[in-house]
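> Letter by letter, the chains look like this.
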Amino acid sequence: MIRDFAFQGAQMLLVLVLSPLLTGFVRKAKAYLLRRQGPPLLQPYRDLVRLMRKEVVLAENASWLFRVIPYIVFAGTWVAASLVPTFRGGLLFSWSADLIALIALLGSARFFLALAGLDVGTSFGGIGSSREMMIASLAEPAMLMIVFTLALIAGSTQLSIMAAYMVSGEVGLRVSLGLALLALIMVAIAENARIPIDNPATHLELTMVHEAMVLEYSGRHLALIDLSSELKLLLYLSVIACLFVPWGIAPPDASPQAIAVCFAAYLGKLVIGGVLLAVFETSIAKMRVFRVPAFLGAALMLGLLATLLLFVSGSL
Amino acid sequence: MAIYALYGVAALLVLTPIAVVLAASPRASNIIYGACLVVTMLLGVIGLVCLFGRTVSNATLPLGLPWLGAHFRIDALSAFFVIIVNLGSAAASLFALGYGRHEETPQRVLPFYPAYLAAMNLVVLADDAFSFLVSWEFMSLSSWALVVSHYRERENLRAGYVYLLMASFGTLALLLAFGLLAGAHGNYAFDAIRASHPSAALAALVLILTLVGAGSKAGIVPLHAWLPLAHPAAPSHVSALMSGVMTKVAVYGFVRIAFDLLGEPAWWWSMPVLTVGGITAVMGVLYALMQHDLKRLLAYHTVENIGIIYIGLGLALAFKAYGMPAASALALTAGLFHVFNHSIFKSLLFFGAGAVLNSTGERDMEHLGGLIHRMPQTAFVFLVGCVAISALPPLNGFVSEWMTFQAILLSPQLPSWGLKFLVPAVGALLALSAALAAACFVKAFGVSFLGRPRTPAAANARETDNNSLAAMFFLSALCLVAGILPGIFIDALAPVTNALVGVSMPHQTGLDWLTIVPIAESRSSYNGLLVFVFVTLSGSISAFAIHRLASDKLRRGPAWDCGYPDLSAVTQYTASSFAQPIRRVYGTAVFHAREIGEMPPPGSTRPARLTVELRDLIWDAAYEPIATFIGYAADRLNVLQFLTIRRYLTLVFSVLVLLLLVLAIWQ
Chain W
676 MIRDFAFQGA QMLLVLVLSP LLTGFVRKAK AYLLRRQGPP LLQPYRDLVR
726 LMRKEVVLAE NASWLFRVIP YIVFAGTWVA ASLVPTFRGG LLFSWSADLI
776 ALIALLGSAR FFLALAGLDV GTSFGGIGSS REMMIASLAE PAMLMIVFTL
826 ALIAGSTQLS IMAAYMVSGE VGLRVSLGLA LLALIMVAIA ENARIPIDNP
876 ATHLELTMVH EAMVLEYSGR HLALIDLSSE LKLLLYLSVI ACLFVPWGIA
926 PPDASPQAIA VCFAAYLGKL VIGGVLLAVF ETSIAKMRVF RVPAFLGAAL
976 MLGLLATLLL FVSGSL
Chain Z
6 MAIYALYGVA ALLVLTPIAV VLAASPRASN IIYGACLVVT MLLGVIGLVC
56 LFGRTVSNAT LPLGLPWLGA HFRIDALSAF FVIIVNLGSA AASLFALGYG
106 RHEETPQRVL PFYPAYLAAM NLVVLADDAF SFLVSWEFMS LSSWALVVSH
156 YRERENLRAG YVYLLMASFG TLALLLAFGL LAGAHGNYAF DAIRASHPSA
206 ALAALVLILT LVGAGSKAGI VPLHAWLPLA HPAAPSHVSA LMSGVMTKVA
256 VYGFVRIAFD LLGEPAWWWS MPVLTVGGIT AVMGVLYALM QHDLKRLLAY
306 HTVENIGIIY IGLGLALAFK AYGMPAASAL ALTAGLFHVF NHSIFKSLLF
356 FGAGAVLNST GERDMEHLGG LIHRMPQTAF VFLVGCVAIS ALPPLNGFVS
406 EWMTFQAILL SPQLPSWGLK FLVPAVGALL ALSAALAAAC FVKAFGVSFL
456 GRPRTPAAAN ARETDNNSLA AMFFLSALCL VAGILPGIFI DALAPVTNAL
506 VGVSMPHQTG LDWLTIVPIA ESRSSYNGLL VFVFVTLSGS ISAFAIHRLA
556 SDKLRRGPAW DCGYPDLSAV TQYTASSFAQ PIRRVYGTAV FHAREIGEMP
606 PPGSTRPARL TVELRDLIWD AAYEPIATFI GYAADRLNVL QFLTIRRYLT
656 LVFSVLVLLL LVLAIWQ
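So the protein sequences, as listed, match chains W and Z. Everything in the first sequence is counted per the numbering used here, starting at 676 for the first residue and increasing by one. Everything in the second sequence is counted per the numbering used here, starting at 6 for the first residue and increasing by one.
Think about it this way: if two alpha-carbon atoms lie no more than 16 Å apart in a straight line, the pair counts; the simulated EDC-like pairs of lysine to aspartate or glutamate are: (1) Z:LYS558 x W:GLU730; (2) W:LYS729 x Z:ASP557; (3) W:LYS705 x W:GLU956; (4) W:LYS961 x W:GLU886; (5) W:LYS703 x W:GLU956.
Just a few of them, taken from the derived set where beta-carbon distance is under 7 Å, the chain W residues facing chain Z: (6) SER771; (7) ILE775; (8) LEU793; (9) THR797.
If you are wondering where the hints come from, they were derived from the structure by calculation, not from laboratory data. Yeah, the Cβ is synthetic: ideal placement off N, Cα and C, and Gly gets one too.
The shape of chain Z in the complex, shown without the other chains:
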């Protein structure tokens, strides 16, 4: 099967030159996105066949390093991520069939889009370090080109710059990790790496480098700084791919190295992973709550979900290290199921934001409002996405978080004292982030879609096109299916956990009423289907009964608002005012938030002003000093550019002498 997958990738790569040639034609976007849709659907089917057929297949191409060739392989883990990549890509291509028509400069998007899809597929297929790193870098560069596709906006250029720097930094860390893994003999094939058992210190170093390298792409705090800049800058279907899919490819990189290539974990590996996961989850959602740009809010919220995924993975590492494979399988399944769930609803939400952007030209929530009247279908699917991402039953986000909680409840059996203190704290952080996520999405949906329109652009919005709607409805249906029938998805993950931790969760789909029971029925069980049926039934029965027996009369009137309705839409709650209580509670510590109220003197007609100052402490503490230092060093070294020829010759000569001296002393 691996060779067929490579044919698919090749087809995507062929689309790139075609796109370059066609880009000027008006039908180019239909052709390219249509072709991408077909190819990614086929690739997705290949993933499904491999995952459910439980087959492992290899392919080697005579590319890359001459003595090695390029190895590719689909095993269970790759197959699962092939499905995620191509599900997201297919949905994005379908969405782009409608959305892409509004693109002003298609020649800057179309050629890179299929290349980007191909690169993500290559990363999850690669079976040697060289192909992996080349694909990884190819993925970074093609997505960078998409980020700066609207290069005339200054902000996008800055986003592209920061992204490029962070991507190179991440690849550097991965490069070092693979260099260490390959050992003295330079065995780059994953099989050889698997067979060699690195020493404990080496493995630890590789783990840290992987956490940094893959984590910077996934967006763990404090390496997330590029993500909220770059994801929103790209066109919306690409934002969806970057947030929904590319971060998952990064998670794949981490899982592949930490669970597969490195062999048996040491007990303490889980500690940095869990710590990073917990902090990332809470910081991500707090950042998201402070935003009023819809796409940036979504991008920050990706950071939160990456944290949740890393918590699952960290727990799985801990359980695996202590020989508790059943618990490890549960935690890993929870993490990977959240990977799947997040890829669906984050793509859905970015599509929704894209549809809003298309029809209003606005990303700033303070300029939106009341869109539920003008864009009812988009509003509906966006609402589904919001409920799912806020981890509320009966949709899918809840199931994976519930499973993570169940895994946390198994952890008192872990013998390590460090973990005994860390895991409850991480559990509290997870709970906190879940609750804050709900607040964040009440704000996102409530301010943009509900209330009254704040600008003429919002008041005159039009429903988006059918292709975009089809993509969004498809993803929201998946959210519901994965929420009420999670057993199918858990069972599908069984071969993955089997391969990585040796066992899988108990078989779920055969249970009564399609309940999911992670460990034993006496311990915990959840049935999304029944909850959904109960809520729907009792809601509709009560609606029916009340309408029949009591009253079904309805009259429209002006809003009550305690008798003081204000006709101006400006008096509504805005995104900033909605977040104000939460900013007061958490923001003073996390963002050094300050509110400066400026009241005009009595009698003056000047308006009062309220200024809110937020500081990004992570940026100030970690990035700013580095940037300052590099700027300082560059300024000093700049002198070297303007020397006379004699001085250059002196310089070259003295360096030569110095090096020869070093060599002489060395030997």
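Only chain W is shown next, with the shape it has when bound in the complex:
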């Protein structure tokens, strides 16, 4: 029990510590692909610390909600991220929220962030919120269809049990899994505001979605929101890793050596995921905002198709 508790705590800290590093790594990889030197790997940590120490400049008519939202968004994302199995299965509290609840928890975070965009009453905030909700209105159902597909295969919506099932030999190669993976990658790109949906590094306001929404935030509030986005990227990579590359997740009773190996494997998965993301992002151009529905609609259809296949035949 105490051991499990310690591991759950360790996981909470681990995702918190690793997530800025992952973002830094992706940025570095992108810079390398562009033949630039890029910021140092630890730059996101420095940014966070610097922002935390700065005073908050709050718009005159910002309400109490505006000040509370960064904490809500951060807490929701953090809790969601710490319930995803990373390198060791059997998290103490993983049963308290299954994959559907995790998605909904991220949905809560987004709901509040979109409200924050509207709170100050500026046009950029509004444009960000309204586009974010439009993207979410397609990304969330697509994600749920992916969850349906995986849950129908594994017979469970619990992440740890799904991961255990995926690693067992019963799964095999399935059409529906392939469709789900493709759809999940598309959704992950959209949810994390990456190119081609949104540009995390842009400074041209009209092309931003996520950044426009949080434009009025500064200081510690901005630090928390940045940290939540970094956590979300880590979360999605962990979910993909846990469901589609489930090898190297130690069982709860594994020896310390095995756990160390699995931890290294997890880091390896993150590195590979980060490199793939960087390569993808550098090789594609950002799309117009009204092309996004077609992109995400395709993800939704893929998810629906995968679910339909499973309803028609359990072995597809």
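Given chain W's structure and the hints, the job is docking chain Z onto it.
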């Protein structure tokens, strides 16, 4: 217990003449609403006692049909709906203690209000078709009187007209359904109907008629047309009752007939129910997204939730037909739990809209904004309602939708091919509607309560009175409790599902950490309490740590807005502009939405205009032709009003001859 419930109903009915007498006095609204509050609370307690005591009791009154009498009965299902009706009514009465004081014409509201509450109670208590239909019609008429209480506004009169037509249509369908159920011998008592087993074709016809009849009251697409007109037209506490409670009474009618009176379902019954549910859910929320009238948005959103409830009920029918009682119990519990949840948060949201209407005189969101500064407590409870209705954890709306999803995940075991294709599609529609609901309520809350005030009315709004706030805080506390301790509510529904599908979901409250586990722990589990505790703890710990260790300094300054802040509040995002991306994505297909931009020529100082055209295709396709046809027929038949006496006599005589001929040939 049934007789005590009837005493309560009688007390409410007695209040009606009292209200007529008192209406002129300034204290009338306090007396009537106070009395309604007490009586409905007592009725609610009776419901609770019956549900948890698992008792069934009957009462017969020597009213109604002379050879039948009026039968009333509280079983588990009735008790559950008695609780819903009276919980909503008590909250509405408490709210009205404050809100009703601002009523300009109390004599048009007060007498009908207790009658309306009594009628809703009677519908769920009735145990024979005659009492059921009379109560049903009584409920329609008393609510109609409340809808047209502000009769000087043209829109309200039109709403009342459409409502009356649709209500009669719905009752007609139910009348036919009960006529078929009663059979050749006219057994109107529910016991007799239960004992008789209708043939498959007859049962199918009854099911369709019930779906239409109860559905038109509940607001399923395409029979929803009256709902967004009538619900907002009534005073806000009545809107809350109509949207939060009366639609649930309609769901009760459907559940009572489809699950109880009709006996064993056929496999295909679930198909129309599921199809209607899925379409209703998505269409309802899309309609809601296009609105900028706060109360109308809420009314349209009721349509969405009715869809979600019907999806749960449809799945329960399918599982029941294929002999999967455990899954059926899960789906039915999900549907009924959503009935409860929706009645709470929809009432809460309508109260919030009423409070806003009271203090600003505005229902149009384009004229609101920034109310969170002027009405902080209303804003808080409205936000709770918005989070709950958007199905976000850790509040209650999420739990019932989560359970519906779990039920969908059990459905590949259904052997029918039709359902194999239909259920995933319905699942996708459900997921889509959940995501759109979040967008809809970001818009509703964000545009009305956040940002800067768009009109002086909004800028000078005042916080609403304490009674209204008490009602809203009570309901939002219930949203939280039902969200973090859903096990209690699921267990409370066990006798209902036991009675309707034979089994109930596994007992929940004894599980570790108060988790809910619908089927097995290896399959799925959710713990709202832990999620809530985790989020609260990690949020407050991080806030504490950052304030202590990093910085707690704060400075107010002008908004940044990329360096171009515009001082005019008109430049903010409005309800229409917020919905614009979603309108572009979904609206062109569903509403034939067209945007016409009109730019002045260079040099002209005329403002540019953007006109958005939306068409309600359902109205155009289904209602408009019927209305046109009736108008046409009426015009033609109008000639008959202006005949001479000779022609009338000829007409009467020829009809007589014709009828005699028919009779002669017949025999």
